[in-house]
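> Residue strings, one per chain:
There are 2 protein chains.
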Amino acid sequence: MPRMMDLSSHATPGPGGDAVAAAVAQACLDVERSVAATLASDLPPVNTLCRHLEQYHGKMVRPVLVVLSGLATAPTTEKVAGGLVTLAAVCEMVHLATLVHDDVLDEADVRRKTQTVNRLAGNEAAVILGDYVLSAAFALCSTLGDARISEAIGRTGMTLCAGELVQLHHRENLSLDERTYFELVRRKTSSLIAVSASLGCRLAGGPDALQARFGAFAEKLGTAFQIQDDLLDIAGDQGVVGKSLGKDMEKGKLTLPVIHHLATATPAARGRTLTLLGAPEHTPRQGERAELIESLGSTGSIDHARRTAESLVQEAKRDLDPVPESAAKRMLLSMADAVVSRAY
Amino acid sequence: MPRMMDLSSHATPGPGGDAVAAAVAQACLDVERSVAATLASDLPPVNTLCRHLEQYHGKMVRPVLVVLSGLATAPTTEKVAGGLVTLAAVCEMVHLATLVHDDVLDEADVRRKTQTVNRLAGNEAAVILGDYVLSAAFALCSTLGDARISEAIGRTGMTLCAGELVQLHHRENLSLDERTYFELVRRKTSSLIAVSASLGCRLAGGPDALQARFGAFAEKLGTAFQIQDDLLDIAGDQGVVGKSLGKDMEKGKLTLPVIHHLATATPAARGRTLTLLGAPEHTPRQGERAELIESLGSTGSIDHARRTAESLVQEAKRDLDPVPESAAKRMLLSMADAVVSRAY
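Going down the list, the sequences are from chains A and B.
Quick note on the numbering used here: the first sequence kicks off at 1 and runs consecutively.
Quick note on the numbering used here: the second sequence kicks off at 1 and runs consecutively.
Pulled out of the complex, with its shape left as it was, chain A reads as follows (with noise of 0.2 Å):
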């Protein structure tokens, strides 16, 4: 099973780093039984739907960002407190649905390299499983009995479900501008990332300054995580990524290289690219996916989206400058510059 994004590999040297490093370790398989018990049901088709989705913990992205922040909001090397684990289940449950629907709209077929729920269980059950998940997300929040937090959440889901819309809206949009690429980010990818690390913040007793400071840490990271993964949907590798690629431009979803290049190429290289996405609900054959990664490397559009993430993050690395010094703020900075490296 894919697990949590390999910090290891980013060494964090320093006082306090191995223990840290074993106490994210412990609250994200924490994080997965908080998961597993709130979305039990005594119903067994329920169960089975709900046993499938343990298979789609990744990187732990979201519950990782709760714990860091709030371990480096108030630093302790002991056993992660339940709150943080709670809200961090909350983060990554929110994010579970999201996962659950939009493999609905993409109609993929792999997730996680196992079976999305549309494929093993059909639509239906998938858009009601996605329902069933958000309301347990908000269900196990309001336990931690802070109505901001509660409210924050919610809202957020509201910003990701917004940013799905326009980004529908502008399905076969060839002409979307950078701008609008990154609001849409904003809201569909960044957002709930840049809450899980406002709120562990606020958890661990942070000001509201310093939660802004986390908020907008992760939300860079966030928008730089997204490019990531658009760069992977045009040239990763399906077999080590585990899940369905090019179904960006299947579906008309323009990425960051895509919008670079139909901006900069010439008229003739811009018209032929245009031939490749044109039409709608087009699957690109092998060659021509192969055609269009060399398009978009004449132009420089993978290295100007590579650049773009790559500067996010240190701008990321930035924002923490307020953070005082700690094993957990150093866990952070190492996840940031992860990243933009990873091929997964």
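It should be emphasised that the hints constitute simulated quantities derived from the structure, not laboratory data.
The beta carbon of each residue, even a glycine, is placed where N, CA and C say it ideally should be.
Warning: the hint list may mix true and false statements.
Covered stretches of chain A, going by a simulated chain B footprint (3 or more residues, C-beta under 8 Å) [what the hints assert, rightly or not]:
hint, region
1, 94-105
2, 128-140
3, 259-266
4, 325-333
Some chain B residues near chain A, calculated using beta-carbon distances under 8 Å [claimed, not checked]:
hint, residue
5, Ala-125
6, Leu-134
7, Ser-150
8, Gly-236
Use these hints to put chain B onto chain A, whose structure you have.
Then chain B, alone, in the frame of chain A:
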């Protein structure tokens, strides 16, 4: 536009009747405003869909139950407290979210005499919009500042979805028994109706035991309501009901009249009914639908369902015995009678 269940035809004579009826009518308008304000977005593609949902408000059963249960707990003919309006808007939004997703699952084209969201904007937009509305319901709920209410709403969302998943599991199960049917209905329909009443009581300061009475009353009401929906789906007039009919049969969902019929018909009649119902995704032709209605009548199955709904209503009314006499209580009792007399 269809408005709240017509309570005026069930006159509630006695002191304060008119004032409470006026307060409830005003509260329903306030609920519609609260829902619209909560869903409003600065993004035009989102706003267009949310505006379309304004036509989805129907009988306002859940908001009316919240408000009347609150008023019956702490009788007043003055303005309905803002908290009750907020809670009523939350319950209505959870309901709206399920309608939007149900219409995707049922491939329905018409709802409240207008286009469904899936028909208007496609399945993808409808799936995302449902998530948006559900998230908005939770965000709004948390502003009440009562974690137990938020948890109850989240758990009710889970119960609803679990009921839908089990219903899906039993699709085309032609030997579904009444016990399983009632369990399904309790989850997928009655749970939200029950929680509307019990939380309305809670918000007005009612003790746990009284909350349970309101919940029991409304749960039975919800089941009677579903049976009436079953009857309308089989024998209603689409122009009056205002939504696509015959969908239960088409989707292989067994309804109470059909379950009773299959359990009591002669082998020959049963065989013919199974043929009519048998083919998955089979849309009965007009003549077949008439034949099915006649068969159900011949075993007294339509009467059986009608009588079951009526006796549930009588039991429900007795659940309110411990509630002190008031105009709001009388209106709840009238509402119970209206459930089984409605034609839409």
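> It remains to establish, for every hint, whether it holds in the given structure.
To see whether the hints hold, each was checked on the structure:
1. 94-105: holds (count 5)
2. 128-140: holds (count 12)
3. 259-266: violated (count 0)
4. 325-333: violated (count 0)
5. Ala-125: With a closest approach of 6 Å, the Ala-125/B hint holds.
6. Leu-134: 6 Å, holds
7. Ser-150: Hint holds; Ser-150/B Cβ to chain A Cβ min 4 Å, cut 8 Å.
8. Gly-236: Interface hint status for Gly-236/B: violated (24 Å vs cutoff 8 Å).
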